[in-house]
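*Asks:* Fit chain R to the supplied structure of chain F, relying on the hints for placement.
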Amino acid sequence: MIRQIDAVSHHNRLRPLPPALLCGFGALLGLGAYLSHPAVRLLILIWAAVWTIGYAGVPARLYMLMTGAACLFFAAGLPAIIVEIGSAAAEEKAEHFRLFHIYGRSIYLTSSGIQTAWEAFTRMLACLASSYMVILTVPVPELLAALKKLRVPSVVLDLIMIMYRFIFILWLEAADMKTAQQARGGHNGLKGRLNDTAMLAVHLFTSSMRRYHMLHQGLTARGYDGHIPLPSLRMGAIPGRYKLEIIGGVAVLLLLEITIRLEVWP
Amino acid sequence: MTALLEARQLHYTYPASSGSALRGLSFRVPAGKRTVLYGHNGSGKSTFLLHAVGIHRPVEGQLLWKNSPLSYRSRDLKELRREIGLVFQDPEQQLILATPRQDMAYGLRNLGISEAELNRRTARMLTAMNLDPIADTPIHHLSLGQKKQVALAGILVMEPELLLLDEPTAYLDQASEQRLLDELERVHKEGMTVVMATHDTDLAYRWADWVIVMQEGQCIAEGTPAEIFGDYALMQRMQTPVPLLLDLWNTLPEELRGDTPPRCRKEMKRLLAAYARS
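Sequences listed follow chains F and R, in order. Each step along the first sequence adds one to the number in the numbering used here, with nothing skipped, and position 118 is 118. Each step along the second sequence adds one to the number in the numbering used here, with nothing skipped, and position 247 is 247.
In isolation and in its complexed conformation, chain F is listed as follows (with noise of 0.2 Å):
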C-alpha cells in the first residue's frame, strides 16, 4: 500500500497546484474538523473527499481501503468509550442500555459513551480525509520542503528522508529475498513460513547495516557534511476557481460553526 500511496501522490491531478496550497488548506480542514461539531466535521470529510477522490482523481477503492483500515483501529478501541461493567442497580438508569448480565454485573452501554463515540469518530474521519487529502496529493519529497518552510529540525527532516529512500529499497530487497526462498521451495506451510519469514528479518537487519555503511560512502563521496539540504518549496500561482471553492467553502463552514454554537441551527 505504501508503494501505492507514493506512486499516487507523484501521480494525480492535482499536482501543478502549488504544494504549500494543498498542505495549507489540509492543515486548515485538520483544524477545523478538531475544533468543530459533528455536522460540521462531517462536511469537512465529504468536501476533503471531493478534493481527493474527485479532483486529484485518488482512485476510491485506495482511499476506502485507508480510510476502513484506520476504522478497524477506531473499532479496537471502541468497547473501552461505549461499554460499562456495573452493579445490577447502576442499570436501571434510563440511559444504559444493558447487553448481558453476568455473576451479577450487567454490561452494558451508556448514552453518554455513544455520544462520546459518535463525536469521535466523527472527528477521526474529518481528520483522516484532511490528511489524506495531503498525503495522496503531496509527494514525501515536497512535504518535507513545506516542513522545512516552517522551520521543523532539520535533523528531523534528513532523517524522514533518508527513512523514505531507505523504505523502498529495502521492501524490494525483502521482496526479492522472499522470491528466493520461495524459488528453493522455502514459505511452505505455516512453521516454514515462520521460519523463513524470521530468517528473512535476520538478513534483511545484515543487509540494512550494510546498506547504512553504504550510504554513508556515498554521501561523503558527494560533499555530506552532516546535513542533507533539501530543495526549496515550489511556489505557483493558484488557480481563481481553486482560491474561490477555498474561500467560499471555509466562510459556509465557519458560518455554519457559528450558528450551531449559538444555538440559531437545532
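None of these hints come from the bench; they were simulated from the model. Each residue gets a CB set at the ideal place from its N, CA and C atoms; glycine is no exception. Heads up, some of the hints might be wrong.
As the list claims (entries may be wrong) - Keeping only pairs whose Cα atoms sit at most 20 Å apart, straight-line, the calculated DMTMM-like set for lysine to aspartate or glutamate is: (1) R:LYS147 <-> F:ASP176; (2) F:LYS149 <-> R:GLU115; (3) R:LYS66 <-> R:GLU79; (4) R:LYS78 <-> F:GLU173; (5) F:LYS148 <-> R:GLU115; (6) R:LYS147 <-> F:GLU173; (7) R:LYS66 <-> R:GLU6.
Claimed, not checked - Here are a few chain F residues that sit away from chain R, every Cβ distance over 10 Å (derived from the structure): (8) ALA27; (9) ILE53; (10) GLY104; (11) GLU119; (12) LEU200; (13) LYS243.
Said to hold, decoys possible - Here's a subset of chain F near chain R, in silico, CB distances under 8 Å, partners left out: (14) ASP6; (15) PRO141; (16) PHE168; (17) MET214; (18) GLY218; (19) ALA221; (20) ARG222; (21) TYR224; (22) SER232.
*Replies:* Just chain R, lined up with the frame of chain F:
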C-alpha cells in the same frame, strides 16, 4: 605524461580483515586520457577509488593529487570531492534525494552554489543526458540503467576534473551500456579525465587509452590496450581471456591484418570489407 593522480606505495587493510586490500599500490593516472583500472574482483580497484576521494586513508604510502599530497582536513576534502567525482557501482549507494532533479542538485547545494545557478546547471545536465522525461519521477520508480544515468549525472553536474567510475556497466543491458559510454565519450571530449574500474576485458580493450592492471592490491602492469591485452603471457598469468576482437584479429591471415588491431566492431568490419574489395 602529466599525472593528475598518483598512488605511491599504498597499503591498506580493512578493519577486522586478515588480508591487505592494497599492498604497495603504485601508478599514475594520466591527465586527459580514458584510463581503465583493470583487475579481477577483490584486486583492490574499489578500495583504491575510495582512497582517491579521501574516504579511506592509506595505512602506509601516499596519494598525490596534481603532484601535491592529499590533505585530509575537512575543508580540503570538500574541495577534493568537488574536483574528483566518484560514481559507485550500485547507484542506490549514492542517490539520496527523491527525484533525479533534486538528487542532481544535492552535490551543488553542498557546495553552497546559488539556487539560480544550481537550477541552470541541473536543467542543462538533464537535457544533455536526455533525462528530462524522468526528471521528476521518484528514483525508486526508475530502472537500474536510468538510476546509473542519474548517478552519473549527479556527479557530472559538479563538473569534476577527474571522473572515477566503479564498474559502471555492471548489470546493464547493451543499450544502457552504450548510452553510458556515449555520455563518457561526450565528457571526455570536453576535457574531463575519466577513470573506469572494470573486470570486463572487451570493454577495457575497446574503450581505454591507458590500462592499469591490478592484482592482489598491486599494479602489475600499465600501458596502452594493445600493449596490455597483446601480452599473452600477462593474460595467461591473470587467467583472463584475450579480448574477442583481438583474438579474432590474431586468427586472421597475416596479409589481412594490417598494422593495428581493430578496437571496435566497426573497425573490424572496415578491415574485412577492405580485404573483400581487394
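*Asks:* Take the hints in turn and mark each one as holding or not.
*Replies:* A quick look at each hint next to the structure:
Annotation: proposed proximity of LYS147 (chain R) to ASP176 (chain F) holds, straight-line Cα distance about 18 Å (limit 20 Å). Between LYS149 (chain F) and GLU115 (chain R), the direct Cα distance comes to roughly 16 Å. Compliance with the 20 Å bound is thereby established for this hinted pair. For a cut-off of 20 Å, the pair hint linking LYS66 (chain R) to GLU79 (chain R) stands: about 13 Å separates their Cα positions. Restraint check: the Cα-Cα separation between LYS78 (chain R) and GLU173 (chain F) comes to about 32 Å, which exceeds 20 Å; the hinted pair is violated.
Among the hinted pairs, LYS148 (chain F) with GLU115 (chain R) is consistent with the structure: their alpha-carbon atoms are about 16 Å apart, no more than 20 Å. Among the hinted pairs, LYS147 (chain R) with GLU173 (chain F) is consistent with the structure: their alpha-carbon atoms are about 16 Å apart, no more than 20 Å. Among the hinted pairs, LYS66 (chain R) with GLU6 (chain R) is consistent with the structure: their alpha-carbon atoms are about 8 Å apart, no more than 20 Å. Non-interface status of ALA27 (chain F) relative to chain R is upheld: no Cβ of that chain comes within 10 Å, the nearest being about 22 Å off.
Under the 10 Å C-beta cut-off, the non-interface status given to ILE53 (chain F) relative to chain R holds; the minimum distance is some 22 Å. Distance to chain R confirms GLY104 (chain F) as a non-interface residue, since its nearest Cβ pair spans about 60 Å, more than 10 Å. With a minimum CB-CB distance of about 38 Å to chain R, GLU119 (chain F) clears the 10 Å threshold, and the non-interface call stands. Under the 10 Å C-beta cut-off, the non-interface status given to LEU200 (chain F) relative to chain R holds; the minimum distance is some 19 Å.
No beta-carbon of chain R is positioned within 10 Å of the beta-carbon of LYS243 (chain F); the least distance is around 25 Å. Taking 8 Å as the C-beta contact cut-off toward chain R, the hint placing ASP6 (chain F) at the interface holds, the least distance being around 7 Å. Among the interface hints, the one on PRO141 (chain F) holds; its C-beta lies about 4 Å from the nearest C-beta in chain R, closer than the 8 Å criterion. For PHE168 (chain F), the interface hint holds, since its Cβ comes within 8 Å of a Cβ in chain R; the closest pair sits about 4 Å apart.
At a threshold of 8 Å, the smallest CB-CB gap from MET214 (chain F) to chain R is about 4 Å, leaving the interface hint in force. A distance limit of 8 Å between C-beta atoms decides the matter here; for GLY218 (chain F) the minimum to chain R is near 3 Å, and the interface restraint holds. Nearest Cβ of chain R to the Cβ of ALA221 (chain F): about 5 Å, under the 8 Å cut. The hint holds. A least Cβ separation of about 5 Å between ARG222 (chain F) and chain R falls short of the 8 Å threshold, and the interface hint therefore holds.
A distance limit of 8 Å between C-beta atoms decides the matter here; for TYR224 (chain F) the minimum to chain R is near 7 Å, and the interface restraint holds. For SER232 (chain F), the interface hint holds, the least distance from its beta-carbon to any beta-carbon of chain R being 6 Å, beneath 8 Å.
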